[in-house]
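**Q** Going down the list, the sequences are from chains R and W. To convert, note that position 57 of the first sequence is 55 in this note's numbering; the numbers rise steadily by one, no gaps. Just add 592 to wherever you are in the second sequence, counting from 1, and you've got this note's numbering.
If you're looking for bench data, these hints aren't it; they were derived computationally from the structure. Just so you know, these numbers come straight off a predicted model, no measurement behind them. Any given hint could be a false lead.
Unchecked claim - Sample of chain W residues lacking proximity to chain R, with all beta carbon distances greater than 10 Å (derived):
hint	residue
1	Asn629
2	Ala687
3	Met688
4	Thr704
5	Ser725
6	Ala766
7	Asp782
8	Pro855
9	Phe860
10	Tyr863
11	Val867
12	Leu877
Unchecked claim - One-sided excerpt, in silico: chain W residues whose CB lies under 10 Å from chain R:
hint	residue
13	Ala718
14	Leu738
15	Met861
As the list claims (entries may be wrong) - Which residues of chain R face chain W? A partial, calculated answer using Cβ under 10 Å:
hint	residue
16	Val37
17	Leu90
18	Gly96
19	Val97
20	Ile166
21	Thr228
22	Gly231
23	Leu254
24	Leu257
25	Tyr261
26	Val265
27	Leu271
28	Ile280
All residues carry an ideal CB built from backbone N, CA and C; glycine is no exception.
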Amino acid sequence: MVLLAAAIGTWWFAGYAGQDRLGEIAIAAIFAMSLDLMVGYGGMVSLGHALFFGLGAYALAGLTLFLKWPPGLALPASVLLTGLVAFAIGRLIVHLGGVFFIMVTLAFGQMGWAWFARDRLFGGIAGLSGIPQIDLSLLGGDLANPADFAIVAVTAATMVYLALARLIESPFGAVVSALHRNAGRARALGCPVQSYKLAVFTIAAMLASLAGTLQAQRTGFVSPDLLVWTSSGELLIMVIIGGIGSLLGPIAGAALWTLLHHYLSAVTPYWMLIMGAFFIAIVLFAAEGLYGALARLAWRRPHV
Amino acid sequence: MLPDPASLVIQLLNGLQYGMLLFLLSVGLSVVLGLMNFINLAHGTLYMLGAFLGLSLVGVTGSFWIALACAPLLAAAIGALFYGVLLRHLQGESAMKQVLVTFGLIFIGIDTVRMIWGDYEEAIAAPALLADSIRIWGQPYPAYRLFVIALGLVVALLLWLGLERTRLGAVVRAGVDDRVMAASLGINIDAAFFGVFCLGCWLAGLAGVAVAPVLQIYPGMDVAILIPTLIVVVVGGPGSLRGALLGSLLIGMAETFGAVLLPDFASFMIYAVMVLVLLLRPGGLLPARQTA
């Protein structure tokens, strides 16, 4: 609730840049929540989540620019397409654990990056631009206007949050939590562990691709940088500093990282050093992240 | 369209040279991963530091050979510092924490290099002794690249001898096979691992200086080389010297020939190979441990 109020407040008062930033944060929040679903709740650490983000964006680009689909149709289609790809990949890899899963997700992510970096149809390393935005004139809005885009993005983020909260509190979510804590025990109780992990993997991927499509809408541009492994790494950082294993955590982390990134790089060219040190400190000393620390102060029991 | 034998040999040598570079880098990372189950994403950072320290040493002393000798030692020292201050505490932790902290170190490393040496691409000139080209099959080929190949092979040989013929080598092999057992036999595994870790850092630094006259050095080169190195470690098999050698030769050749023959698909193929190995033979092609 507080975050929503903050978002609305920012939207109201901030100028052009602030609203653009808000849209950026909302997209990052969706992306981060999707990763946390996989890592914090599902226990699967992925260094290739940016693959799905990029696939969503590139699918949108491909459908609208090459097949001339209307963007309003292409967006959900892109999410579904990515979901299919994620399902296929997930089937191959969700049984892997720990180090192997990390490395294979890294490999898949880089495969995607390498593909799009070379593929001339999709613009190679320079990417594609000119992706059409969804026409909201019926609702009186225009996505090219950062204020309107911010509203759409924040609304989307809120809906994702609510949906995920429902999911986590549901029986499905309970099983997933149980799996994370002790897969052996869950299996002994007759639970199809791999199916649940696959489901979590696919859902997380589709949400990431949703974020990706929104990003393509925001900038009208896609490039292989969306998929590179360091993007996945930065996403993991966002989730960690925000607080893994919650939903508000990643939102906070996304906001914190984006703001710090912009603010620090305006102040010093060496923002990476500060972020790196800050991040290491968090991992070592405040493993529950910003949200976890706040939750301990404010509430008895952390909310979802 | 078959390439003529001269350019084939040239590409072969290029692949070999790139393979040797990957070998120097991957062997350190591989042994650390196999031995300590520790993923050190900051390994590339030591490579980068080796290159830049070498650059400074050349600037100060005017001698490439001094730089080649000293920069790796400095890299090893920095690695030891990392280890003592930070990484030691991560030994028992989850893979994720190790990945995250070493990933954070990458960030710090890049900016530190930028702060000290600036943002631009640099180069070190090859030493006068090796600056010429040698004629191979009628084509000129830089003598320096042959030196890199020779260096890699010599290092490989020395490492193999060290592993097979010395006490420390035996300890390391025992530790890779069964760490708990080795420790319970009273062997100071932690000290051995620390030694191996420093050796890995030394090798990374060596790779950095050695390759500087061939490739550009720039902040961010650590990230660029990290992925091929990881692929080599995965394909060859963590913890295995022979695996690292095989893996680096394979990947080195694949990338070099791939770039020439199938430029659009080369990178993609490399990652696909990594995926295949992870799925079908997760222990790698020549694993150190016999996975039952």
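**Q** A separate judgement is required for each hint: does it hold in the structure or not?
**A** Hint-by-hint comparison with the structure:
1. Asn629: Its Cβ does come within 10 Å of chain R, the nearest being 7 Å, so this is violated.
2. Ala687: violated (5 Å)
3. Met688: With a cut-off of 10 Å, W:Met688 comes too close to chain R, as the shortest Cβ separation is near 5 Å.
4. Thr704: violated (6 Å)
5. Ser725: holds (31 Å)
6. Ala766: holds (22 Å)
7. Asp782: Correct as stated: the minimum Cβ-Cβ distance to chain R is 20 Å, above 10 Å.
8. Pro855: violated (7 Å)
9. Phe860: violated (4 Å)
10. Tyr863: violated (4 Å)
11. Val867: The assertion about W:Val867 is violated, with a minimum of 5 Å to chain R.
12. Leu877: Holds, since 15 Å exceeds 10 Å.
13. Ala718: Violated: closest Cβ of chain R sits about 30 Å from W:Ala718, beyond 10 Å.
14. Leu738: violated (30 Å)
15. Met861: holds (9 Å)
16. Val37: At about 8 Å, which falls below the 10 Å cut-off, the nearest Cβ of chain W leaves the hint on R:Val37 intact, so it holds.
17. Leu90: At about 6 Å, which falls below the 10 Å cut-off, the nearest Cβ of chain W leaves the hint on R:Leu90 intact, so it holds.
18. Gly96: holds (5 Å)
19. Val97: R:Val97 check passes; min Cβ-Cβ to chain W is 5 Å, inside 10 Å.
20. Ile166: Violated. Min distance 20 Å.
21. Thr228: For R:Thr228, the interface hint holds, since the closest Cβ of chain W sits about 6 Å away, which is under 10 Å.
22. Gly231: Hint on R:Gly231: holds, closest Cβ of chain W at ~5 Å, below 10 Å.
23. Leu254: Check failed: Cβ of R:Leu254 comes no nearer than 15 Å to chain W, outside 10 Å.
24. Leu257: violated (17 Å)
25. Tyr261: Hint on R:Tyr261: violated, closest Cβ of chain W at ~16 Å, above 10 Å.
26. Val265: violated (13 Å)
27. Leu271: It holds, given that the least Cβ distance between R:Leu271 and chain W is near 4 Å, below 10 Å.
28. Ile280: holds (9 Å)
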